[in-house]
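Visitor: Each chain is listed here by its residues.
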Amino acid sequence: MVIDLDRCTGCEACVVACHAENNIGTAGPDQAARGRAMHWIRVERYWEGEFPNARIRFQPVLCQQCDDAPCEPVCPTYASYHTPEGLNAQVYNRCIGTRFCANACPYTVRFLNFYNPQWDKPLHLQLNPDVSVRSVGIMEKCTFCVQRIRSAEIQAEGEKRELKDGEFNPACVQSCAPRAMVFGDLNDPNSEVSRLARSGRATKLLGELGTKPNVNYLQRESWENGKNG
Amino acid sequence: MAKTAEQIRADLLRPVFRSGPAYWLAVGVSGSMVLAGVFAFSYQVYHGLGVWGLNWPVFWAFDITNFVFWIGISHAGTLISAILRLANAGWRRPVTRCAEAITVFALSIGAIIPICHLGRPWLFFWLVPYPSERHIWPNFRSPLLWDFFAILTYLTGSTIFLFLPIIPDAAAARDLAHGWRKKLYALLSLGWQGNPKQWHRLESAMHIMAIAIIPVAVSVHTIVSWDFAMTPVPMWHSTIFGPYFVCGAIFSGVAALILAMALLRKFLHLEEYLEPIHFDHMGKLLLTMSLLWFYFTFAERLTTWYGNDVAEMSVFWSSIRQNFAPLFWTMVTCNLIIPFPLLAIKRFRTITGTVIASSTIVVGMWIERFLIIVPTLEHKFLPYSWGTYRPTWVEITLMVAGFGMMALLYLLFSKLVPMISMWELEAGVRKAPIYRHQAVAFEPSGARARAGVREAEPLATDLSR
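Chains as they are written, first to last, in this note's numbering: chain H, 1267 to 1495; chain S, 4 to 468.
Keep in mind that the hints were calculated from the coordinates and are not lab data. Be aware that one or more of the hints could be misleading.
As the list claims (entries may be wrong) - Pair by pair, the computed Cβ-Cβ distance ranges are:
(1) Asn-1359/H to Val-403/S: 32 to 40 Å
(2) Asn-1453/H to Ser-45/S: 48 to 56 Å
(3) Trp-1385/H to Arg-137/S: 26 to 34 Å
(4) Trp-1385/H to Thr-391/S: 24 to 32 Å
This structure is a prediction, so every number in the text was calculated from the model and none was measured. Backbone N, C-alpha and C define an ideal beta-carbon position, used for all residues, glycine too.
Please take these sequences and the hints and turn them into a complete structure.
Guide: What follows is the structure, encoded as structure tokens:
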């Protein structure tokens, strides 16, 4: 995945789309104030400079699907698991809720179901039948909309063809109005994501930790550094 | 003057066979604390982990603090008792049993906490490698699994280590008891007759266990520290954590042992057995550990400060100067500033002095574990994900229940087994001539003579002062 921070407007459509697609419960204002809200993708807001010469920066953060994910080796039950195709999967049925993965994750993108999930009416009527609902006590996080990946793979297999670049997108990418997010196969050098990931503006979030994230952020250099203001 | 074996047995078995109203009151209070914990845990299982104060991003707090705390306390017994046995320090004799009991009970509490803290506690057995319908082994790369095995090994080892020296005492009690106690002690004494072969085997077994348990104890708290150190998280990802945790564990363990000794001395009237000299020796050990703890804390903090890593410094300042500063400086006061003069100056290293120092240290070391866990989780890399933590009544009740359980197990144990190893004391007190006289009365087999004479050494005369 590639996220162009210079295009992101901070509208949070991705957050809403993700909640709808992935059956993420709504915590309600009281629980949210206690830090129990779950957003598989969130838009972080940072300011640069002092008012009036301030500029806001938005940074959508989701599971970085790391190649060397710190959450994977610490899980005692293989609930946090690296799939052969490189996805960082969360196998809900295996999770017993040690929360070790959440503590080990430098991006803090893992969430515990503190209670059984609830939805504000009428959201409870629009659950996605392709996504399992998680029960109390287990961890969950962004799956890169694995249900959409599988669905497209099955479709392509039925039609006896290869997957096409941009044939399908996760809910966040699909709903991104300024097209700040692009999804595709980084292993294919001709895909749009590969092309963008080679751009000079590409960086990795906390890349220095050696987690080898698979989300690339595109951004100009800092405004305060006086370049490309 | 030296006590005779009859006096020793009478003094030490009295509290086992007789209990007054104060005892039952203590059992009632500690039992209620445990019941409150059972209620809190049931409430948590029914509603979900949301009844705790945990949140995103603080996923561990009181639970793991208490876990590390109790595993730390458990290092009192076995390690100290094993080292003192191997060093053949004569003054250890009245101390070992009560230390070993702390280990087994604290470890049991420490082992229960991680089960209670799970999101789905009813599935804890998925950590056990067994051929299951899930067709999957547990993940042997996970430090939590190392924990599971380390604690299981230590619990097994320290239970054996506690049990072995009980055998001859159980045999002595068997010969005096009636009713259900007679059956129990007959079972516990494993057919002990006190013949030379049995003494020889007991000594070999105790020697093997004393040696084997030391690396196990060290590994347990090292692995507990690796629960933190193996993650790439600020102030956790540190090579110093293994030895730092082992040091902290022995430190808090010795403090807990001194408190237990003082309570036993007072309530079981063991003034003539647990003497000021024992508290003096333990006080010196505590002083050493206090200085060692300060050294580790200083080294860890100085290295972090010098390294000046952005993510680490936000945790560093939050604990030293910002919201956690009151706790941090309380910790330093409790672990160094109060205990140091009390333990370093001979005049203050009395029973009262060591008890005050131990009390502050137990508090200080609990805070230390809290400060290792929570400030880091509150200040991970991305400032947007920073948070705060506040415990709820459920977590506080569970913590209280842990202390209640320790007290309850200790109280019940003191009614089953003499809290000071009688035969070791007798062996230490007897000089050869006294022994010969008593051998006729107590041990016609003569096997005891061998053990007794061999183990008698000058230091043991502490008891006869």
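Visitor: Trp-1385/H and Thr-391/S, beta-carbon distance inside 24 to 32 Å?
Guide: holds (27 Å)
Visitor: Take the C-beta atom of Trp-1385/H and the C-beta atom of Arg-137/S, compute their distance, and say whether it sits inside 26 to 34 Å.
Guide: Given about 30 Å between the Cβ atoms, the range holds.
Visitor: Just to be sure I understand the hint, the distance between the Cβ atoms of Asn-1359/H and Val-403/S should be within 32 to 40 Å; is that true here?
Guide: With a Cβ separation near 35 Å, Asn-1359/H and Val-403/S satisfy 32 to 40 Å, so the hint holds.
Visitor: May I ask you to test the hint 48 to 56 Å on the CB atoms belonging to Asn-1453/H and Ser-45/S?
Guide: holds (50 Å)
Against the hints set out earlier in the document, no violation occurs for any number.
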